[in-house]
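*Asks:* Going down the list, the protein sequences come from chains S and E. The working numbering numbers the first residue of the first sequence as 162 and each following residue consecutively. The working numbering numbers the first residue of the second sequence as 3 and each following residue consecutively.
Since the hints were derived computationally from the structure, they do not count as laboratory data. These figures come from a predicted structure and were not determined experimentally. Nothing false has been slipped in among the hints.
With a straight-line Cα cutoff of 25 Å, these simulated PhoX-like cross-link-like pairs (lysine-lysine) come out:
no.: 1; chain 1: E; residue 1: K11; chain 2: E; residue 2: K42
no.: 2; chain 1: E; residue 1: K21; chain 2: E; residue 2: K42
no.: 3; chain 1: E; residue 1: K11; chain 2: E; residue 2: K54
no.: 4; chain 1: E; residue 1: K11; chain 2: E; residue 2: K43
no.: 5; chain 1: E; residue 1: K38; chain 2: E; residue 2: K11
no.: 6; chain 1: E; residue 1: K24; chain 2: E; residue 2: K43
no.: 7; chain 1: E; residue 1: K69; chain 2: E; residue 2: K11
no.: 8; chain 1: S; residue 1: K231; chain 2: E; residue 2: K46
no.: 9; chain 1: E; residue 1: K43; chain 2: S; residue 2: K231
no.: 10; chain 1: E; residue 1: K42; chain 2: S; residue 2: K231
no.: 11; chain 1: E; residue 1: K43; chain 2: S; residue 2: K271
no.: 12; chain 1: E; residue 1: K24; chain 2: E; residue 2: K73
no.: 13; chain 1: E; residue 1: K42; chain 2: S; residue 2: K271
no.: 14; chain 1: E; residue 1: K21; chain 2: E; residue 2: K43
no.: 15; chain 1: E; residue 1: K54; chain 2: E; residue 2: K69
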Amino acid sequence: TQLLEQSPQFLSIQEGENLTVYCNSSSVFSSLQWYRQEPGEGPVLLVTVVTGGEVKKLKRLTFQFGDARKDSSLHITAAQPGDTGLYLCAGAGNAGNMLTFGGGTRLMVKP
Amino acid sequence: DTAVSQTPKYLVTQMGNDKSIKCEQNLGHDTMYWYKQDSKKFLKIMFSYNNKELIINETVPNRFSPKSPDKAHLNLHINSLELGDSAVYFCASSQWGAFQTEAFFGQGTRLTVV
Chain S
162 TQLLEQSPQF LSIQEGENLT VYCNSSSVFS SLQWYRQEPG EGPVLLVTVV
212 TGGEVKKLKR LTFQFGDARK DSSLHITAAQ PGDTGLYLCA GAGNAGNMLT
262 FGGGTRLMVK P
Chain E
3 DTAVSQTPKY LVTQMGNDKS IKCEQNLGHD TMYWYKQDSK KFLKIMFSYN
53 NKELIINETV PNRFSPKSPD KAHLNLHINS LELGDSAVYF CASSQWGAFQ
103 TEAFFGQGTR LTVV
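Chain S extracted, bound-state conformation:
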């Protein structure tokens, strides 16, 4: 079973601060995705990274896939209260069809 560990589990910061969330594994993934989940809703895909070393930007969010395709990070610049939510990383195995989720990072951005 491929496992993904996310850190930190909880993060409470002030508006305007920067933060980084990490997603680590000892397994190689064919791709890695980041989802955001709000209370009472299902996870919604933010980005997919496929190539080792790949960096993708989505406004103030920067996603990076590790060179060895075992880890990923999500960096948020100048966090806003609207960024509050549960951030989940998920890796797709070599079979390409099963997603393994990390434990999630609960982010709270205070105004």
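Since the structure of chain S is provided, determine the placement of chain E on it from the hints.
*Replies:* Frame of chain S; chain E shown alone:
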């Protein structure tokens, strides 16, 4: 139009009862899933179906029985409900064999067993 819809959104029931959760997707995907999210927000896959065929069964008790009448529907029936079954159950769909395997989730069904 809701891409992945599941019903009901909330379900409160007594121990020992049997209940079903329904899921439908209109994305044309051929793979559907059931995930369980516990109180700590950990999402764990339960089942995966591809074109009505069971692909993944992740050590789920026999009391849980998925049924896929067609590739747009995947229902979950639970027999003899236990307190530990309380959780949020998410249905999801994706395209089989897609390298990136992007999953689209329903809104979840919060099951409370009392």
